[in-house]
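Colleague: Please model the complete structure; the sequences and the hints are all you need to start from.
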Amino acid sequence: MAKSKFFFLLCLVFLLITILAVLKPEFLVFKAEFLYLALFFILFSWSWKYFLFLALIFLSLWRVSCFSEAELQVKNNFVFEQTYHYQAQVLESNKRLADWQLIVEPNNLANFSGKILVFVPLYPEYQVNDILDITCKIFAPEKIITNGRSFSYDKYLAQNKIFAQCFRPQITKLNQTSNLSSFLKLRQYFWQNLNIYLREPASSLAKAMLLDDRGELTKEVKNDFARTGLSHLIAISGSHLVIIIWLVEALLFACGLSRNQIFYLIIFTLFFYLALIGWPASAGRSVLMATVALVGPFLGRKVLSINNLLLSVVILTWLNPYALLYDIGFQLSFLAVLGLLFYSHYWQAKLSFLPSYFQETLSITIAAQIFTWPLIVYNFQTFSIVTFLANLVLLPLFPPLLGFGLLTMIFGHWPIVCIFSWPLFLLFKLLVVTNHFLASFTWSAYPVNFFSFPLFILSLSMIFIFTYYFKPHKKIA
Amino acid sequence: MNKKLIIITIFCGVLFLGLSLFFDNKKLRVDFLDVGQGDAILLNLPQGTRILVDGGPDNLLLNRLGEVLPWWEHKIDYVVISHYHADHILGLIELVNKYQVGEVLTTAHQPDDFLYHILINKLKAKNIPIVFVQAGQTFDFAKNISAQVYSAESDNEDYNNNSLVLKLDYLQTSLLLTGDLTTEIEDKLVKSGLDLQADLLKVAHHGSRYSSSQAFLAKVEPKFCVISVGEDNDFQHPHPEALARLSASGCQMYLTESFGTLSWQSAGQAWNLLD
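Chain order of the listed sequences is A and B. Position 304 of the first sequence, counted from 1, bears residue number 304 in this note's numbering, the numbering being contiguous throughout. Position 163 of the second sequence, counted from 1, bears residue number 163 in this note's numbering, the numbering being contiguous throughout.
What the hints contain is simulated information worked out from the structure, not anything from laboratory work. The structure presented is a predicted model; accordingly, all values stated were derived computationally and were not measured. It cannot be assumed that every hint is accurate.
[Stated by the list, open to error] Here are the in silico distance ranges between beta carbons for each label pair:
1) TRP443(A) / GLN110(B): 53 to 59 Å
2) LYS26(B) / THR442(A): 34 to 40 Å
3) LYS26(B) / PHE139(A): 52 to 58 Å
For glycine and all other residues, C-beta sits at the position ideal for the given N, C-alpha and C.
Modeller: Encoded structure:
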């Protein structure tokens, strides 16, 4: 078996076992057996292949077991729906339109380990690292069922070790914020610049696009972006990073730096940016994909391959075994990149009669849609018809939006900020008005209520089978 | 991105700028902003003065302002605070971070309330002058546009009764802003003999059963009644009894929960509801 195929199979086994273990935790009790089997094969038969497979199964089970241990303990030992009095440290604070979501870690709550999601009014304000004295009724997060579709909100929160939530508690601040990390201070500075120098909706959109802070977007704006299929613009996605890389590369190239220096600085910039925005999952996977894509050509390899993509997914699944099943953003990213991998060049060749901009934008949009549409239709029960037009019309705004956005964010306190903030505000207004116009037609998005889970699996399987036999990525020559 | 696209983008921007300027007309415009369960009303005066009455219950105010204000506008000349309940002032705290506010007009009521202190401290930090108005005062905001203070009490236990009541006259059209007034103060106003007649009425206290008395409505004779109310609110506003009284008064009712932001315009002869 070729090395690449073997690697592909290893990755696949790891992912499948992780899914199985997350869905059926009772399977976890067999992890020791797999370890013994692996050791048996390596000691007595020197069969590296079997050893690797079995060791990987053990590692997958061990990882899921470690990851879900605290959650199970809380589920089994903690009594929910009772009023508790506890002290906690604020780990994260997310401002929303009408309230704040605080993620706190209690330090004297019996039978509870993990974090609690606390919903507090807009005022008074609390900051990261504040020590709070909290009294509230603690609830277990539950599945949310809307229109017959269930969303595992409990598992979604458990990804971040959040196992409980409380609403409108009584709070007394015990300690003022003291030692904020440099990253946090810098993030606050950037957040303030985007908050003060831009008005709405530009301010909330800029915060979403640049700092991964979507709490202040109105439901109308979010709905418009969902209808036009442009929700990826208001989250930190791969396309953001491609543009940021492009901007940094152009700047460094203009400074006369060598290819090697530019490569290392770009990698440094990406990870610095990731740390700045607090390592959110969406940006994390995009940075990882971008790094994989950058490392490839640097080492003289193909830019992006199915194995590179799978390796990224394996790393991300190792870090967070729940992501593969319960994080729709993660699933969408993976499927979109898969689509780009197999279909972008194919469609580019098919659309070669079009001017280059239309050719590139349309081929990327179609390719990204091929694997993602069943997931979007199943989860959101809508299919955006206007998305191709919306991408064509609005994507050109994206690079200047990010460029001016970064400049406003960085130079906010300097008098020159208006040079960047005015065009930025105008560009955001254009984006919102045009996007709203495109979303306002009754035909912009087609509601699909009949798309059940079996239909979703069937559609995705058919697309995989078709792609396997059709091999579009090999038909570009 | 090639040069043509850059040129097209710049052209669209300039076109948008031009259209924005073109659409800035010279009439009195009143926007009852859809801020959910609360009040926020923006008055755009013909000469360009902008007055914001109350700030709604949260920061949705800033989005709603962004929808109705021209994109280049950063200044609100006057902010009027009717009274210090959260659903009327919360959005104002963030407003002063993003907009230049000329002056704040409010009653002398100074509650010992943490939200009040947060707001007042914020205004002081931004050096925004606070003017305490009194009943009987008249403000000439622009040519032919004056606002008279009808009530500005400050010592009622019920904050709602400390609501600032303003009547705005523009030639033959008028607007009565009532905050969260209850029938207790409405009765006082009825007995005061003031000219309460107004063709556009901001219905008091989101259509509460304890506001909009029959006698008060008979004096106001509103043609159009606007109720600023949030969908599925905890207070069950508007109350059917209040709706029945408003209906009996003969006014056409408009609810922000159904219509969203309600924009009215007057050239001085009559109010027109904009699409």
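Colleague: Compare the structure with each hint and give your call.
Modeller: Structure-based check of each hint:
For TRP443(A) paired with GLN110(B), a C-beta distance near 55 Å keeps the hint of 53 to 59 Å intact. For the hinted restraint 34 to 40 Å between LYS26(B) and THR442(A), the CB-CB distance of approximately 35 Å keeps it satisfied. Checked against the given bound of 52 to 58 Å, the beta carbons of LYS26(B) and PHE139(A), roughly 55 Å apart, stay inside it.
Checked against the numbered hints listed earlier, the structure breaks none of them; every hint is satisfied.
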